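Mind docking chain B with the ligand on chain A? Use the hints.
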Amino acid sequence: MEFFDCNVRIGPISSPPPVVPPYECGDIVQELSEAGINTALVYHSWAEEWSVARGNEKLLEEIAGYEQLYPCFVALPAATGEMQPPGELAAMARELHGAVRVYPQLHNFELVDWCCGSLLGALAEAGVPLLVEMQQTTWLQVEQVLAEYCSLPVIILDAGYRINRRIFPLWERHDNLYLEHNTYKPFWGIEDVCARFGPQRLIFGTNFPVHTLGSAISPLTYSELSDGDKQLIATGNLRQLLGLEGR
Amino acid sequence: MNQDSVLAEKCWWGEALTDELVIDMHAHLGPWLAFPVVDDGSVESLVRQMDLVGIDCTLVSPHVAIGPDWQEGNRQAYQAHKQFPDRVRPYFTPNPKYPWAQMEVETDRWREEGILAGFKLHPAVHGYASTDDLCVPIYEYANEHSIPILSHEWKGEKVEGQHPLRGLAQRYPNATFINAHSAMNWEDPQGWAQRQSILTAAAAGQDNVYLDITGSVMYYGLLEEMVNRIGAEHVLFGTDVPFLDGRAQVGRILTSRLTDDQKRLVLGRNAARVFGLFGL
Ligand SMILES: [Zn+2]
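Sequence lines, in order, name chains A and B. Position in the first sequence (first residue = 1) + 76 = this note's numbering. Position in the second sequence (first residue = 1) + 1267 = this note's numbering.
In short, the hints are calculated from the structure, not lab data. The structure displayed is predicted, hence computed values, not measured ones. No residue lacks a Cβ here, since even glycine has one placed at the ideal position from N, Cα and C. Treat the hints with caution; some may be incorrect.
DEER-style ranges, computed between Cβ atoms [unchecked claim]:
id	chain 1	residue 1	chain 2	residue 2	range
1	A	183	B	1339	47 to 55 Å
2	B	1307	A	304	44 to 52 Å
3	A	215	B	1282	20 to 28 Å
4	A	114	B	1498	34 to 42 Å
5	A	164	B	1465	45 to 53 Å
6	A	158	B	1339	56 to 64 Å
7	A	316	B	1282	47 to 55 Å
8	B	1282	A	203	36 to 44 Å
9	A	242	B	1462	28 to 36 Å
10	A	189	B	1528	52 to 60 Å
11	B	1412	A	183	30 to 38 Å
12	B	1353	A	126	52 to 60 Å
13	A	94	B	1298	33 to 41 Å
Footprint (simulated), chain B over chain A, 3 or more residues, beta carbon under 8 Å [as the list claims (entries may be wrong)]:
id	segment
14	115-126
15	230-243
16	250-263
17	282-289
The shape of chain A in the complex, shown without the other chains (with noise of 0.2 Å):
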């Protein structure tokens, strides 16, 4: 199978855990290939963790050498202009085939209109997906960036498995909903999110290097799933997200 991570950093962090995983993009870009994973949408630690704009100028020079990552530049709100301005920032996004994420929680903004609007408005125009960790955020601030841009495609992270009684309600309104697959682990829950919505609403991403990557493949692997439903998950519904399809 071919596999396409939605969620895979690079870079030191500041707390690593006692056995301190992977992050120089050599190493990175080693395992996950290890693993069967030839494509991955990378972000680096320095955005999340130190300086937006320096973390998302450092995630260009590291991953220019290959050509099998791409970029999820970190955003925030474009009033404090400390970065550029949305519509450019959405337009190279875009051209690079990459996405965007934000950390409203850790980077101290909301992920509301008055807050985001001008950057939630350019990535809807511009087709760039939204990343977002479910901790970052909550399920109120998620329903209303999707009931008001609903051609932004938001792309769930890290959200668990006890989520079903609040993305399922989600799904029923929205198109452009995404969950990362990684930790949703209810029992059967991938057949049961495909048999209910179609396999178009779950993106494979393992959360590497904070995560395993064979705990991430084997829900796939293992799965009563059709062959072509568990490619769209693997790869097919991140590239067309990203504008690669055809490609």
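Quick look at chain B with the ligand alone, frame taken from chain A:
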């Protein structure tokens, strides 16, 4: 990932582990309050997933037993075993807040029938600590009859300078103490380090202590680290189905940097020895 691993290769192709001995020693049954469970977590649905992966036998403690009703829960566990005698083995799940005498009668019956896999304790939901006096009759029974005990977590203060798990294991040497969810975090990296060093110290060199790696989050390098510290002989595979899906846990082990022989110990051979299954 270990490039020469036959087992990793199987994971990559989704090939069932039919040639291997695989025992899921941490599972449940039935619905649960916090979220919907597909097929209501039925035993048929469990067995279907076991077949998909190639799990030979699963040890269950129904959700209702770790929740409000030990009687209903143990009845369900017993029935599930009767329905799939080769595939499903029941834990007896006592709730130490209720009189032991009544539970002892039931436990005796299971033991005499030869179907008792072990005790499952859930101090977190049942609201006690594993070091409470309430648990003494259970430990004494387990010690007398050499029964393994799987406990949801061993909290509590250190007892005489040690983690309580080690003290219990020393006091009841014929019982086997298995710490559930040993590879889970306490949310931050420091907690992770602290918990791991306490747990692995408790298990090190103590033959009747095992660490079960069941959990919803699979941290990079943690399984390998545990095996380095206490040996693959003391690490056990469990899935928590149908509380969770079981398949991520399988992939985590199959694709780890352990040798295939170490993986086999973790996947089933250790559990066969501890629970006296498959003639081991
Ligand atoms: Zn459990």
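Do the hints match the structure? See the list:
1. A:183 to B:1339: 47 to 55 Å: Since the Cβ atoms of residue 183 (chain A) and residue 1339 (chain B) sit about 49 Å apart, the hinted range of 47 to 55 Å holds.
2. B:1307 to A:304: 44 to 52 Å: 29 Å, violated
3. A:215 to B:1282: 20 to 28 Å: 38 Å, violated
4. A:114 to B:1498: 34 to 42 Å: For residue 114 (chain A) and residue 1498 (chain B) the Cβ distance comes to about 35 Å; the hint holds.
5. A:164 to B:1465: 45 to 53 Å: For residue 164 (chain A) and residue 1465 (chain B) the Cβ distance comes to about 51 Å; the hint holds.
6. A:158 to B:1339: 56 to 64 Å: 58 Å, holds
7. A:316 to B:1282: 47 to 55 Å: 29 Å, violated
8. B:1282 to A:203: 36 to 44 Å: About 39 Å separates the Cβ atoms of residue 1282 (chain B) and residue 203 (chain A), which means 36 to 44 Å holds.
9. A:242 to B:1462: 28 to 36 Å: 29 Å, holds
10. A:189 to B:1528: 52 to 60 Å: 57 Å, holds
11. B:1412 to A:183: 30 to 38 Å: Because 57 Å falls outside the window, the suggested range is violated.
12. B:1353 to A:126: 52 to 60 Å: 56 Å, holds
13. A:94 to B:1298: 33 to 41 Å: Because 38 Å falls inside the window, the suggested range holds.
14. 115-126: It is violated, with 0 qualifying residues against the three required.
15. 230-243: holds (count 6)
16. 250-263: This one holds; 4 residues, not fewer than the three required, reach chain B with a Cβ under 8 Å.
17. 282-289: holds (count 6)
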